[in-house]
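Let's have the full structure, built from the sequences with the hints guiding it.
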Amino acid sequence: EPEVTQTPSHQVTQMGQEVILRCVPISNHLYFYWYRQILGQKVEFLVSFYNNEISEKSEIFDDQFSVERPDGSNFTLKIRSTKLEDSAMYFCASSAGTGTGELFFGEGSRLTVL
Amino acid sequence: GNSVTQMEGPVTLSEEAFLTINCTYTATGYPSLFWYVQYPGEGLQLLLKATKADDKGSNKGFEATYRKETTSFHLEKGSVQVSDSAVYFCALSPSTGFQKLVFGTGTRLLVSP
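Those protein sequences? They're chains A and B, same order as listed.
With my numbering, letter number 55 in the first sequence gets 55, and the count goes up by one each step, no holes.
With my numbering, letter number 113 in the second sequence gets 227, and the count goes up by one each step, no holes.
By construction, these hints were calculated from the structure, which means they are not laboratory data.
Ideal Cβ placement from N, Cα and C applies to all residues, glycine included.
Heads up, some of the hints might be wrong.
[To be verified] Label pairs and their in silico Cβ distance ranges:
1) B:170 - A:97: 16 to 26 Å
2) B:193 - A:74: 38 to 48 Å
3) B:169 - A:28: 20 to 30 Å
4) A:80 - B:156: 22 to 32 Å
5) A:112 - B:197: 44 to 54 Å
6) A:16 - B:168: 49 to 59 Å
Put into structure tokens, the structure is as follows:
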């Protein structure tokens, strides 16, 4: 069964360092998303991406964050200068369309900022 | 704004017990409602959904009914199994918005033999 894959599963980094989290969405999907969950808190929407551009972003998604689809398969989230409060589980998701509400999520990438 | 509140966990049950996980929401317009499940080591998976008032979503023995009058979408299962142990997330998709799901905090369910 097709699935969304994410790498790395866990990354530890020093504050101020750049981090890139990678995702391979399901191949025929057109819409891509990043969500995050800080430990003990809600899963929060960060950004959605369609047709090679951001379609919606939350207030969390500030200038430190960027997303890119550098080739036909990968979808990346970059954090330019990590802060302690960026420590969270980051989930990538994809969907075939906007009508069904069914997003397919990856297993998540745990980011720990020291 | 839009928000989802679900019961704190963990919920600990014996096999074959009845399960209820409460979920209430606040939203403008007519959101769609979802339950996602995350099994250990896996991503979130859609369990069931309901797109309008009084709709009942069901899957794998789980059910939830979209109750607009009480703004609720409680998850129920008549007889849980050990394999149902997971984290369950209630979520809504606003009536406008680009698949921007709003999640609850998640409720961990632990089922013992």
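Now the hints, each set against the structure:
A C-beta distance of roughly 23 Å is found between residue 170 (chain B) and residue 97 (chain A), which places it inside the suggested range of 16 to 26 Å. Taking 38 to 48 Å as the suggested C-beta distance range, the pair residue 193 (chain B) and residue 74 (chain A) conforms, at roughly 43 Å. The beta-carbon spacing between residue 169 (chain B) and residue 28 (chain A), approximately 28 Å, falls within the hinted interval of 20 to 30 Å. Range check, residue 80 (chain A) to residue 156 (chain B): about 30 Å between beta-carbon atoms, so the 22 to 32 Å window is met.
Checking the proposed 44 to 54 Å range against residue 112 (chain A) and residue 197 (chain B) shows it is violated: the Cβ atoms sit about 30 Å from each other. Here the CB-CB span from residue 16 (chain A) to residue 168 (chain B) is close to 52 Å, well matched to the stated 49 to 59 Å.
Checked against the numbered hints listed earlier, the structure breaks hint 5 alone; every other hint is satisfied.
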